[in-house]
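Peer 1: The chain contents come next:
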Amino acid sequence: MIELIHLTKRYGHTLAVYDLSVSVDAGEVFGFLGPNGAGKTTTIRMMMGLLQPTSGTVRLAGHDLATDAINAKRLCGFVPDRPHVYEKLTGGEFLDFVAGLYDVPATVAAPRRDELLELFDLQDWSAELIESYSHGMKQRLVMAAALIHAPRLLIVDEPMVGLDPRGARLLKRTLRQLAHTGVSVFMSTHSLEVAEETCDRIGIIMQGKLVALGTVEELRRQAGERSNARLEEIFLRLTGGEDVAELLTALRA
Amino acid sequence: MLGHDSVESRNAVAPAARSDGAPAEGRARSRLGRPTVSPPTRALVAAPLQLRMLLSPRFRAVRNRVQRLDRKGRWQLGLLGLLGVAFWTAIFIFFYRALNYFLSVPDFGPVLTYKLLGMVFLTFFSILLFSNIITSLSTFFLSAELDRVVAAPLPRSVFFYARLGDTIIESSWMVVAFAVPAFLAYGVAHGAGPVFYLVTILTLPPFLVIPATLGVACTAVLVNVFPARRTRDILVLLSVVAVAVLYMFFRMLQPEQLVNPEAFATFVQFLAAMQTPSSPLLPSTWAAEVLHPVLNGRRGDALFHFALLVSTAAALTVLCEMLLQRTFLPGWSKAQEGRKARFTRQPAWERVLRFITLPFAAQSRLLVIKEVKTFFRDTSQWSQLILLLALVVVYLYNFSVLPLAGGAVVTFYFKNVIAFLNLALAGFVIASVSVRFVLPSISLEGRSFWIAKTAPLPLRRLFWSKFWVGVVPILVLGEILVIATNSYLNVLPAMKWLSSITLGCMTFSIVALGLAVGAAYPKFDADNAAKVAAGVGGLVYMILCMSFIGAVVVLEAWPVYALFMSRLRDTTLTSWAQVSIAASLGSALLLTVGVFVASVRYGIRRLETLEP
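Chain order of the listed sequences is A and B. Reading the first sequence from the start, the letters are residues 1 to 253 in the numbering used here. Reading the second sequence from the start, the letters are residues 1 to 612 in the numbering used here.
Treat the hints with caution; some may be incorrect.
[What the hints assert, rightly or not] Which residues of chain B face chain A? A few of them, derived with a C-beta cut under 10 Å, are:
1) Q363
2) L366
3) T374
4) F376
5) I451
6) A455
To be clear, the hints were calculated from the coordinates, so they are not data collected in a lab. Positions of the beta carbon are idealized from the N, C-alpha and C atoms, including for glycine.
Can you make the complete structure from the sequences, with help from the hints?
Peer 2: Structure, rendered in C-alpha cells:
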C-alpha cells in the first residue's frame, strides 16, 4: 500500500534522507523511529507531497505521487507533527471543509463528522473557533480531519505530542482499529512505548539512512539484545546512545 | 508573577530570563542549565538585573537578525534605510518650509508656530494613547511568551516595569522617529541653540511615559470587563474608524489652500481661531510650554511645566503599577477565554454565501467560502474596509473640488485630460488595495498550507478561488471610481467606455499579478496581512504594477489624443489614424492579457512547487 523506493532528499550539501526503501502492507501499522534530526519528518513530508524528493519514488496505494498525485492523495489521511489549522473556522466547519476537499458527499460527511467529533471528544466544541482550542484539542481535530474521508492509508507524524494520557490511549486504540479494517498506517514517533504497543513493524532511521527494519523481535536479534530487552534498549543500541546516557546521568546527578 | 510578593526575594533569577543567557550568573551553569550560583548569591541579584534580562530578548532579537543577514538581507536593509532617510528628510523639509512660511507672517508668525507646536504634541499624545492601549493588550495580556514570564518567580514590580518598557518601545518608536525631524526643523527654523535640543531630549521621555501608563491602565480596566481578544477587536475597529474620520476631516479642511496665497489670510484666521491645545491640564500643553520659551528665547515657565511632566509621569507610573497589582491576574485569566464564531453563524449569511458561489466547482466553492469567512472573522482584515470607504469618499471628493473654471474649450480639454489621468490614478488605487488584500492571501494560508497541499486538490483551484475573491470587490471599487468621476466630469462617451474597459481589464491583471508575486514571496509565518504587504514582495509588486499601469497609459495616450483632437476640431479620423489607434489599443490589450496569463501561469506553478 505504501512504497518508498530509493528515496533521497538533499538540502545543498546536507543529506537529509538517503536511499530509503520501505513498504507497508494493507492493515499494517508501521512505526518510523529515529533520534531528532534523523530525517523522519523529511520522509513524511516527501510522502505527502510537501517536499520534492531529490530522487526516488513514493507510491501510495499504487499511485505514483510524482505523476498521479491527486489520486494518491485522495486515498491518504495525514496528521502533521504540529496541528496548524485555519484558526478562524470552527471545528465543525473545518471538518466539513476537509470532507469537501476530499469530495465526500455532504450526506455522508455530516454523520461522519458528528461521529468523529464524538469519538475525539470534541462535540461540545464543534461550534467554537479553533483559535480557542488547546494544543491537544487541535491535535485531536486534525486526527478527526484525517479520518473524515475514510482513507486507506494514514500517515501520522509524531501523533502523541501534546496529547494527554486519555487522548494518547484513544489514538493508539484508533490506530489499531484502523489497521484491523485494512488501513495501512505509517507513523513516526519518539515514543518507544507507543511504537512497541502499536506497531507491527518498525524502521529505525539514523542520519537519513535506514539502519534497522523489522518486528520488535527481529530488531532485538539485529541489535544482539537479550530476548526480554525493551525497545528502548534496542533503540539505544542501534542508534548509539552516548548522548542519551550522558543526559540520563546528568539528570540523576 | 503579580500577586506573589513573597517569592520575589528568594527567587531572583527568572527561568524565562535565564534561557536567554543571563550575563553574570547565567554563564555559571551546569550543562543542563542549572545555575551553580549559591542561594545567598542569587538573593543578591537585584531587580534591575532581572529587568534588564526581561527586556533583553527584544534587543537580542534585533542584534541576531542584523548579524545573520545574508547579502540579500543587507541589500533590503540598505534599501529600507534609504527609504527611512528619504521619509525623514521629507518630514524635515515639510516642517521647515511650513515654519518659515508662518514665521514670515508679521505679528502672527510666533503665535502660529506655537499653535502648530501644540497641535503636534496633541496629535502625538492622542496617537500614543491609542497605540499604547492596543500595544499593552499584547504585551501584558496576549503575547505568546507571557505564559513563561507570568509563570516565572518574578517580583510583581519587575514584571510591570519590563512590560511597560516593552510597551513604550513598541508603541512610541514610530512617533519618536517622526518627531525627531519635526523638532529639528523647529530648531533650525527658529535658529535655536543647543539648549533647545537638550531640553527636547529631556522632555520626550516623561511625555512618552504618561500616555503609556494611561494606556496600560485603560487596558487593565477594559480587559477586566471584556475578554482581551474581544477588547482588541473593538480597539482595532475604533482605531480604524478614527483614522478614517481623521483622514476625511483633514481632506475636507482643504490643506491645499495653504499654498494658495489668496486663501492664506482666511486660513490664518482659521488656525488662530482654532481652540487647539490651550487646555492647561493636557500633558501635550505642558510639553509645548517647556519647548516654546526655550525656542524663542522668551520668558516662560519652562521649568515648572517640565516638573509637571516629570512628576505626573512618575505618579502615573506608581498608580498604574498599583492598579495592575489588583487587576492583572483576573484580567489575564479572562484573556485566555475563547470566542464563539460570529457572522457566519447566521443561516441567512451562510445561505447568501452559498448562493453567490453556486457557479464554482465544489472544491473551489469551499475555498471561496473559507476565504470569505476567515476574512470577516478577522477584525484586522475587514476593518480595513472602513479605511477603503474613506479613501473612496476622499477620492470622489477630490474631483468635486477640482478648479475647472475657464473657457469652454479649456474646461473641455482639462476634463478629458483629467479623466485620462484618472485612469492611472484609479489603477494606482487598485494596486494599493491589492497589495493589502490580494498579495498577502497566499501567505495568510500560513502554516495551514499543508491542508491544501496534502489534499487531492489541484492547486490551480486554490489560485482561482483566491483570484475571484479578490477580483470581484476590487473590480466593483475600480469601476465605481472611474464611472463616478467620469460622470461628474461629463467627459466624451468614448473616453468613458475606454476608461471603464481599460480599468476592468487592468484589474484582472493586477489581481493575478498580486497572487503571483504573493506566491513568489510567501511569508507563511506572518500573523497579519499588513506585515506581508510591507515586505519585499509588496515593494516588488508595487514596482511591477506601476510599470504595468504606466505602460498601458502610455499605449493609450495616442488613441485618446487622436480622438480628442478630432472631436475638438470637429474632423473625422483619417484611415491612418484609425489604424494607429487600433494598433495602440491592441498593444495595450495584448500587454494586459500577457500580464494576466503570465501571472496566472507563474502563480499556479509556484503554488505547486511551494514547500511550506
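Peer 1: The structure should be examined with respect to each hint, and the outcome stated for every one.
Peer 2: Okay, the hints, checked on the actual structure:
{"no.": "1", "hint": "Q363", "in the structure": "6 Å, holds"}
{"no.": "2", "hint": "L366", "in the structure": "4 Å, holds"}
{"no.": "3", "hint": "T374", "in the structure": "4 Å, holds"}
{"no.": "4", "hint": "F376", "in the structure": "9 Å, holds"}
{"no.": "5", "hint": "I451", "in the structure": "7 Å, holds"}
{"no.": "6", "hint": "A455", "in the structure": "4 Å, holds"}
Violated hints: none; the structure is consistent with every hint.
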